[in-house]
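Participant: Here's the letter readout for the chains.
Number of protein chains: 2
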Amino acid sequence: MDFSIRTATLEDCKDIARMILELAEYEKVLDQVKVTQKDLEQDGFIKNPFFHGIVAEVPEEHRTIEGHIKVGYALYFYSYSSWKGRAVYMEDLYVMPDFRGMGIGKALMSKVAQLGLAAGCSQLNFTVLDWNKPSLDFYLSQGCTDITASIGYHCLRCEGDKLEQLAKGSA
Amino acid sequence: MDFSIRTATLEDCKDIARMILELAEYEKVLDQVKVTQKDLEQDGFIKNPFFHGIVAEVPEEHRTIEGHIKVGYALYFYSYSSWKGRAVYMEDLYVMPDFRGMGIGKALMSKVAQLGLAAGCSQLNFTVLDWNKPSLDFYLSQGCTDITASIGYHCLRCEGDKLEQLAKGSA
Numbered sequence: 001m002d003f004s005i006r007t008a009t010l011e012d013c014k015d016i017a018r019m020i021l022e023l024a025e026y027e028k029v030l031d032q033v034k035v036t037q038k039d040l041e042q043d044g045f046i047k048n049p050f051f052h053g054i055v056a057e058v059p060e061e062h063r064t065i066e067g068h069i070k071v072g073y074a075l076y077f078y079s080y081s082s083w084k085g086r087a088v089y090m091e092d093l094y095v096m097p098d099f100r101g102m103g104i105g106k107a108l109m110s111k112v113a114q115l116g117l118a119a120g121c122s123q124l125n126f127t128v129l130d131w132n133k134p135s136l137d138f139y140l141s142q143g144c145t146d147i148t149a150s151i152g153y154h155c156l157r158c159e160g161d162k163l164e165q166l167a168k169g170s171a
Numbered sequence: 001m002d003f004s005i006r007t008a009t010l011e012d013c014k015d016i017a018r019m020i021l022e023l024a025e026y027e028k029v030l031d032q033v034k035v036t037q038k039d040l041e042q043d044g045f046i047k048n049p050f051f052h053g054i055v056a057e058v059p060e061e062h063r064t065i066e067g068h069i070k071v072g073y074a075l076y077f078y079s080y081s082s083w084k085g086r087a088v089y090m091e092d093l094y095v096m097p098d099f100r101g102m103g104i105g106k107a108l109m110s111k112v113a114q115l116g117l118a119a120g121c122s123q124l125n126f127t128v129l130d131w132n133k134p135s136l137d138f139y140l141s142q143g144c145t146d147i148t149a150s151i152g153y154h155c156l157r158c159e160g161d162k163l164e165q166l167a168k169g170s171a
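Protein sequences, first through last, are from chains A and B. Residue numbers for the first sequence follow full-length UniProt numbering, so the first one is 1 and each next one is one higher. Residue numbers for the second sequence follow full-length UniProt numbering, so the first one is 1 and each next one is one higher.
Certain hints may be false.
Note that the list lumps identical chains together, so a pair holds whenever it fits in one copy or between two copies.
Derived pair list, reagent style DSS-like, types lysine-lysine, alpha-carbon separation capped at 25 Å [to be verified]:
id : residue 1 : residue 2
1  : Lys28     : Lys111
2  : Lys14     : Lys47
3  : Lys34     : Lys14
4  : Lys14     : Lys84
Because the hints were derived from the structure by calculation, they are not lab data.
Starting from the given sequences, assemble the full structure and let the hints guide the process.
Facilitator: Here it is, written out as structure tokens:
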């Protein structure tokens, strides 16, 4: 099946918000999603955007029963390694189930790598949930290394009241 | 001991580069550090910087034998969670060994949290090496959660030749 990958625009936020919910459902964390179409519009399409996006589109004749032609997306942002310098972080990569196995996920990821290299980045970083074996296997097959398994990187997070307390110096 | 925390400027890059090497030595990865003072100047002080920095300074009378008064730093950048929206990522947090136990690390981290909240972020994210128990314990004491241990987040990375291949679609 033909498909195309292009930079996401403001008009894609509705479909990206829909697919974020689909991905969260797959990852069993639907109740955790607070991001709305409006948030995406406000956070990704301002002067110093918090993220960038790309979308995968199929021709009209392959649209879904619901009428969707945007069937995949990736969100990314630029980051920094104090060892290696410029890096790109892929926050999300998603392809709708009926459109998997056609190379769309690989093409989206390849595009993020291209954009990163063009911006002078030497690393592509992202996270995956350890029970999500199909994704983990896919990423490993694409030349990625699980640096939690190999060198012991653990992800830490502070949020909610704890973050407020930390900011006040009262943790 | 008195100390102050302030936004890093171009003139701080020499000291930050020095402390990046000190931290890498502690983390036993000195050979991995490619970032130079010049890289920091170029990547952190352009129109859309790849990172932001803050430094901790002590008064002249407490300078080190080598004459340093900049004794700690944190690097951070803004990021995005497709579930929770705006987030801040702390890339590095370091305090020189002779200046630990005085609250400088806590103050640096608190400042990153403040800056994140001020920018509308609801999460502070970072990584720690699992063998670095003193750091891990410190972060947990500050209200952070180890989301690798609790929900199985693994960090993945693609770099070097593998990243080039991924970008070419030939992985």
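Participant: Determine for every hint whether it applies to the structure shown.
Facilitator: So, going through the hints one by one against the coordinates:
{"no.": "1", "hint": "Lys28 x Lys111", "result": "neither (27 Å within a copy, 34 Å between copies)"}
{"no.": "2", "hint": "Lys14 x Lys47", "result": "within (20 Å within a copy, 30 Å between copies)"}
{"no.": "3", "hint": "Lys34 x Lys14", "result": "within (14 Å within a copy, 41 Å between copies)"}
{"no.": "4", "hint": "Lys14 x Lys84", "result": "between (36 Å within a copy, 16 Å between copies)"}
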